[in-house]
Amino acid sequence: MLEYTIMKPEGILVLKPNVALSQEDFVGLSASVDAYLADHDSLHGVLIQSESFPGWESFAGFTAHMRFVRDHQQMIERLALVTDSAVAPVAEAVARHFAAAEIRRFPFAEHEKALSWLKSS
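Residue 126 in this note's numbering sits at position 35 of the sequence shown, with consecutive numbering throughout.
These are computed hints drawn from the structure, not numbers from a lab.
Note that the coordinates shown come from a computational prediction; the quantities given were computed from them, not determined experimentally.
Heads up, the beta-carbon is just placed ideally off N, CA and C, and yes, glycines get one too.
Be a bit skeptical, because a hint or two may be false.
In the DSS-like style, the derived pairs of lysine-lysine whose C-alpha atoms are separated by at most 25 Å in a straight line are [said to hold, decoys possible]:
hint	residue 1	residue 2
1	Lys210	Lys107
2	Lys99	Lys210
3	Lys204	Lys107
4	Lys99	Lys204
Okay, the calculated beta carbon distance ranges per label pair [stated by the list, open to error]:
hint	residue 1	residue 2	range
5	Ser212	Ser149	31 to 37 Å
6	Gln165	Val118	17 to 23 Å
7	Ser207	Asn109	22 to 28 Å
8	Glu148	Glu203	27 to 33 Å
9	Glu94	Arg158	16 to 22 Å
10	Glu94	Gln164	19 to 25 Å
Required output: the full structure, derived from the provided sequences and hints.
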C-alpha cells in the first residue's frame with residue numbers, strides 16, 4: 092500500500108511506498124490530490140520517501156503511476172526523492188525528463204533536510 096498525506100498548510104505531498112504499487116493506490120492518491128488542487132494552484136512539493144523502491148504490483152499499477160505523473164506533473168513545484176535505492180539515479184533522470192518540477196535526491200536518513208528544502212520553495 093502507498094502511504095500518503097498532504098501537509099495542507101505547506102502544500103507538500105508526502106508519499107511512502109512500502110510495498111509494490113497497485114492501480115488502486117493511484118486511484119485514492121489521485122482523488123486526494125485532485126481535491127487539494129481544486130482549492131490550490133499547485134503542490135509546493137512532493138516528498139517520496141522509501142528506503143528501496145518496491146516496484147509495481149502489475150502493469151496496471153505501472154500505467155496508473157504514469158497516468159498520475161502525466162496528469163499532475165505541471166502542478167508540482169519541487170520533488171524530493173528520499174532514498175538509498177540503487178535505482179534512485181535512474182528514477183531521478185527519468186523524472187527530470189517528464190516532470191516540470193525542480194528535483195533533488197537525498198539520502199534516506201536526510202528526510203528532514205528534504206522536507207526543509209521543499210518548505211523553502
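Evaluation of the provided hints:
1. Lys210 x Lys107: 18 Å, holds
2. Lys99 x Lys210: Since the Cα atoms of Lys99 and Lys210 sit roughly 12 Å apart, the hinted pair holds (cutoff 25 Å).
3. Lys204 x Lys107: Within the cut-off at roughly 16 Å; holds.
4. Lys99 x Lys204: 19 Å, holds
5. Ser212 x Ser149: 31 to 37 Å: Check passed, 34 Å falls within 31 to 37 Å.
6. Gln165 x Val118: 17 to 23 Å: Cβ of Gln165 to Cβ of Val118: about 20 Å, so the range 17 to 23 Å holds.
7. Ser207 x Asn109: 22 to 28 Å: 24 Å, holds
8. Glu148 x Glu203: 27 to 33 Å: 30 Å, holds
9. Glu94 x Arg158: 16 to 22 Å: 20 Å, holds
10. Glu94 x Gln164: 19 to 25 Å: 21 Å, holds
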